[in-house]
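Visitor: The residues making up each chain are set out below.
Protein chains: 2
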Amino acid sequence: MPVRVAVDALGGDRAPEEIVAGAAAAASPGLEPVLFGPAALEVSGLALVETTAEIEMDEHAVDAVRSKPDSSLVRSVRAVADGDADAVVSAGNTGAMLAASLLHVRRLTGVHRPGIAIVIPTRKGPSVLIDAGANADARPEHLVQFAHMGSVFAEEILGIAEPEVRLLSIGEEDEKGNQLTLEAHALLRASDLRFAGNTEGRVLLAGAADVVVSDGFTGNVALKTLEGTIKTLLGGLRDELASSPKGKLGGLLIRPAVGRIRERLDPDTYGGGYLLGLNGLVVIAHGSSSRVAIENAIRMAARGVEHRVVERLHERMATGVLASGRSTTQTPTPEK
Amino acid sequence: MPVRVAVDALGGDRAPEEIVAGAAAAASPGLEPVLFGPAALEVSGLALVETTAEIEMDEHAVDAVRSKPDSSLVRSVRAVADGDADAVVSAGNTGAMLAASLLHVRRLTGVHRPGIAIVIPTRKGPSVLIDAGANADARPEHLVQFAHMGSVFAEEILGIAEPEVRLLSIGEEDEKGNQLTLEAHALLRASDLRFAGNTEGRVLLAGAADVVVSDGFTGNVALKTLEGTIKTLLGGLRDELASSPKGKLGGLLIRPAVGRIRERLDPDTYGGGYLLGLNGLVVIAHGSSSRVAIENAIRMAARGVEHRVVERLHERMATGVLASGRSTTQTPTPEK
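As they're listed, the protein sequences go chains A and B.
Each number in my numbering comes from the position in the first sequence (counting from 1) with 59 added on.
Each number in my numbering comes from the position in the second sequence (counting from 1) with 59 added on.
Fair warning: there could be bad hints in the mix.
Capping the alpha-carbon separation at 25 Å, the derived lysine-lysine pairs in DSS-like fashion look like this [unchecked claim]:
{"#": "1", "chain 1": "A", "residue 1": "Lys305", "chain 2": "B", "residue 2": "Lys235"}
{"#": "2", "chain 1": "B", "residue 1": "Lys305", "chain 2": "A", "residue 2": "Lys307"}
{"#": "3", "chain 1": "A", "residue 1": "Lys290", "chain 2": "A", "residue 2": "Lys183"}
{"#": "4", "chain 1": "B", "residue 1": "Lys290", "chain 2": "B", "residue 2": "Lys183"}
{"#": "5", "chain 1": "A", "residue 1": "Lys290", "chain 2": "B", "residue 2": "Lys290"}
{"#": "6", "chain 1": "A", "residue 1": "Lys290", "chain 2": "A", "residue 2": "Lys307"}
{"#": "7", "chain 1": "A", "residue 1": "Lys183", "chain 2": "B", "residue 2": "Lys290"}
Since the hints were derived computationally from the structure, they do not count as laboratory data.
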């Protein structure tokens, strides 16, 4: 049986063309993308589930999910809930994806809040940032759950053994932080995670840890600051170079190097954000996703299915780790 | 009477040499730097107040300030409190500067919390980020005070008329944010500030607003992410270019352009962070400050004195703006 990945054909700024092309590119004997969208897309030769409605990028998330049950977004998410697909990929409205996933796919038992895991391509290799924006407000125990979910993700999707976890804060010293991170720090220290302490935004792109934990507000601000700074800086360099003949020549000569850096930093390599902590694998691709981004997102989703990420998260939850922030599999040794 | 700026000669990684050199360079008929440090520094020809102790960069802030009343840091801060200096500049322990300032210079009446204002040199010009790290936890009304303090700073130190204020959040839409920013957003809307709504980290370096308001935790994470991303990206580019002969040649040709960008983005241009909301002007320079950074910090401090920044903050507070988040100078017009 091939892995079946539901694909929201109408999600994203470049839908449906780039979405359909990405799905077609990802298709293989072991991976069957299933498009959700209007009948006209049948020409693509891919499996198609016909839907009649569309959720726009700027619609109110909860209202849209409720009022458009036959939208490509809601139907593709429901396919996972109903067992008709193993995972779902959409580049559509993030809020609507969150709402539809919570409503239909539902949380794993014991998970307080799902978190969005994003892979930052750092100089040292991929680094998972969780939560990148699912929860604007969080409690310390949520951050511990994010750490566990991010660790399972790093192990299974990125192939990192015993991932190192750090907490995003305002100083590396244990006593630096706000009330939320200070309490989360203590819980993470007491956990059986490979927790290495705090980290700072200044090393986020250099490679802070295999898993960087944060509340969704801070994580989202940090991620957008990182992405925006790269864009502004490279744009500024391009403009500076264009302002002199010597700069123009230099610009031509460095183009391959800049291209390699852009490629290495390209968030599309990892297809987008992974909504972890649910009874199914949900991937939220960038709104601006190209066919390559969608292809990668579908492949990564399939990899998550093959590596049983949801089952692994469920197992960690079942041993009490996700519920309490501590593993109950390690029973304390009685003193002699 | 020249403006007198107290200078902590032992603060910073490159003290005392770079500090003394920066102070000497800033000295002019209208600006008298006064060094605080050991007697040996008398050779510099600058006014010197002899002190006997030193607070190290990694000491516990509150303990150090209490146990070392005759340190160069504490004495230079006290000079402002005692009226012996108009402002103080230190590149020393940030926490100790905060603690000493709160203890000796004290808050302006009505100010809940002082905030650190940092100038980000954006593509559109200087932008003030406040709070960049003085308060790890904050309440909505603190953010409104930061907005007022940042506006006075932008007007008086940067010469920006009617500065535009935005709130750092996770989306530009009014309803995006966490509990803190949603409440602060409503208060800012109701204020007489030129509030233009939310902004995001992705435009922080491109130029989000004249004043960007944030709690100290988020502001510090965003600032460090921005600074670290610039450093990592330029370092990565350098390494990529060094890996091929064509890249090396290109690297030579683009060096002036990269130099101009580095210069434009150099945080030393603005000398560091301004601790606003106190009964005196306190400038916390980067720990790694060079003589140029110290010279700029001293000049900027003098400019703040000449433009009566503290008095302007006091006036805003007196009209009730800082205390309530709303101006009482605009009395509501009775309905007819």
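Visitor: Against each hint, give a clear statement of whether it holds in the structure.
Guide: How the hints compare with the structure:
1. A:Lys305 / B:Lys235: Violated, at about 45 Å.
2. B:Lys305 / A:Lys307: At roughly 14 Å apart (the allowed maximum being 25 Å), A:Lys307 and B:Lys305 satisfy the hint.
3. A:Lys290 / A:Lys183: holds, 20 Å
4. B:Lys290 / B:Lys183: holds, 20 Å
5. A:Lys290 / B:Lys290: holds, 14 Å
6. A:Lys290 / A:Lys307: holds, 19 Å
7. A:Lys183 / B:Lys290: holds, 15 Å
Going through the hint list in order, the structure does not satisfy hint 1, though it satisfies all others.
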